[in-house]
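Given the structure of chain V, go ahead and fit chain X onto it with the hints provided.
Protein chains in written order, with our numbering: chain V, 1 to 252; chain X, 1001 to 1252.
No lab work stands behind these hints: they were computed from the structure. As the structure is a prediction and not an experimental result, all values here were calculated from the model. Any given hint might turn out to be false.
Cross-link-like lysine to any residue pairs, in silico, SDA-like; alpha carbons within 25 Å at most [as the list claims (entries may be wrong)]:
no.	chain 1	residue 1	chain 2	residue 2
1	V	K123	X	K1123
2	V	K65	X	Q1143
3	V	K123	X	V1060
4	X	K1123	V	K243
5	X	K1123	X	H1145
6	X	K1123	V	P20
7	V	K243	V	D212
8	V	K123	X	S1058
With the Cβ distance kept under 7 Å, some of the chain V side facing chain X (calculated, not the full set) [to be verified]:
no.	residue
9	N19
10	R28
11	M142
12	T191
13	L193
14	T195
15	W242
16	G246
Beta carbons are placed, not taken as given, at the ideal position from N, Cα and C, and that holds for glycine.
2 protein chains.
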Amino acid sequence: MLSQQQLDRVCVVLVRARNPNNIGAAARAMHDFGFRHLRVVNEYAVPFASARSAVDASEVLGSAKEFGSVAGAVADCTLVVGTTAVGERALLHPLYALPEAAATIGEELARGGRIALLFGSEKTGLSNDELSHCHWLLTIPMQQHEDVRHPSMNLGQAVAVCLYELVRDRRAHVEAGVPAAAEAGEVERLTALLTEVLEQTGYTLRHPSNCDEAQIRRLVMRMGMMAADAPVWMGILRQMLWKLRGAQAGSE
Amino acid sequence: MLSQQQLDRVCVVLVRARNPNNIGAAARAMHDFGFRHLRVVNEYAVPFASARSAVDASEVLGSAKEFGSVAGAVADCTLVVGTTAVGERALLHPLYALPEAAATIGEELARGGRIALLFGSEKTGLSNDELSHCHWLLTIPMQQHEDVRHPSMNLGQAVAVCLYELVRDRRAHVEAGVPAAAEAGEVERLTALLTEVLEQTGYTLRHPSNCDEAQIRRLVMRMGMMAADAPVWMGILRQMLWKLRGAQAGSE
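Only chain V is shown next, with the shape it has when bound in the complex (with noise of 0.2 Å):
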């Protein structure tokens, strides 16, 4: 259970990203899961500032800061968490995975921390030097493929799969919604409305052992009938008893 303050404690840093559009992707992410503090380390500020001239460049882009070294962009942090997609590399670090890692930030986070998680570029990831500045890391667990020696995922989509990781208890139940249930009165009188009209069609008297009470209304009960939805039944039903009895007059 994040709340805001620990939300702003936490810093997305990326560091040597390439392509503009991804660090847009990663800008957005955060803004979709209430993360506001972005850090680029770069060399060179060309993607940065194409990334920030973007029509729809956010607030985050907006208020992102840059730094010249990784150590400047974690200065204030109490945990530095790198991430990686492992691949080959030796590891130095203790490595969790995505979920139990979001566990332990949320613990520091609730001790007041502040959090610098670092993604590395599209290419390489994070260098020795730069994973060297990290606690421990974190990987996004992925499917194993023969073909593939390095998994690696997409910048924006492993920012996007990690922050929503850190917020997923926090918002599980929020917002979400189930359409109100009938209540039971309306499903008795519905059931008793089928049973009228599978009177009427002879079903009854042809499927006798379908048609008792009990099993009609667990028919009824198995559909799962929402509040808004009773009425139109009892709707369809009525007009079929109409038109049934109707006939039956008819052929009368």
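Okay, now just chain X, sitting in the frame of chain V:
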């Protein structure tokens, strides 16, 4: 815990995706997380054709299937789930937050079902007509911003986040690893060496209250020493001792 057979019963269905880069990004996320069945519903074939001809187009794109209608694309599926950013659309379907939705999808896969996961166009999402093919909807819980009426994610990022959640539990502990911790005996040897260094430097005399044996041991324990680091620290402390003794010998 989804098996590959279960992943192969999930179809990602992109409906009216306009940007070939987004189709490519969706395919890349599928590949990253082990999903193989991409279906594309488009009125006109241009975006799909250009996505397919991209240099790094994956296997997933190569084997993707085109459909003329949502009905056709989901015909063999037992559970059809639409994705939505909610916005102002009146909800005509049950709506679940992604973590809950993923659990239900997992149950349907365990029962042998086949899932269609629908994503709408970048601009408008899924239309009411397209949504009417869905059993229920899922939404990725996002931050609400006062300035934006319709929060929505980039299509490629939304696909990545949804698929990550589907495989999240399966892969939570795969492949991550924490380097072995140092054995207690090594920690004890380090404690002894450090104690000697503190004595040699005069620290023990100046701060006797910090220096009982248990305190120094706890200080070393809190380093959370990795097995591979223990000999390095031993070497550093031995070198210090050597230098300190030399200095002392010289000054006597």
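Hints, verified against the model:
no.: 1; hint: V/K123 x X/K1123; verdict: violated (30 Å)
no.: 2; hint: V/K65 x X/Q1143; verdict: holds (22 Å)
no.: 3; hint: V/K123 x X/V1060; verdict: holds (21 Å)
no.: 4; hint: X/K1123 x V/K243; verdict: violated (45 Å)
no.: 5; hint: X/K1123 x X/H1145; verdict: holds (18 Å)
no.: 6; hint: X/K1123 x V/P20; verdict: holds (21 Å)
no.: 7; hint: V/K243 x V/D212; verdict: holds (24 Å)
no.: 8; hint: V/K123 x X/S1058; verdict: holds (17 Å)
no.: 9; hint: N19; verdict: violated (11 Å)
no.: 10; hint: R28; verdict: holds (6 Å)
no.: 11; hint: M142; verdict: holds (5 Å)
no.: 12; hint: T191; verdict: violated (22 Å)
no.: 13; hint: L193; verdict: violated (24 Å)
no.: 14; hint: T195; verdict: violated (27 Å)
no.: 15; hint: W242; verdict: violated (27 Å)
no.: 16; hint: G246; verdict: violated (31 Å)
Of the numbered hints listed earlier, those contradicted by the structure are 1, 4, 9, 12, 13, 14, 15 and 16.
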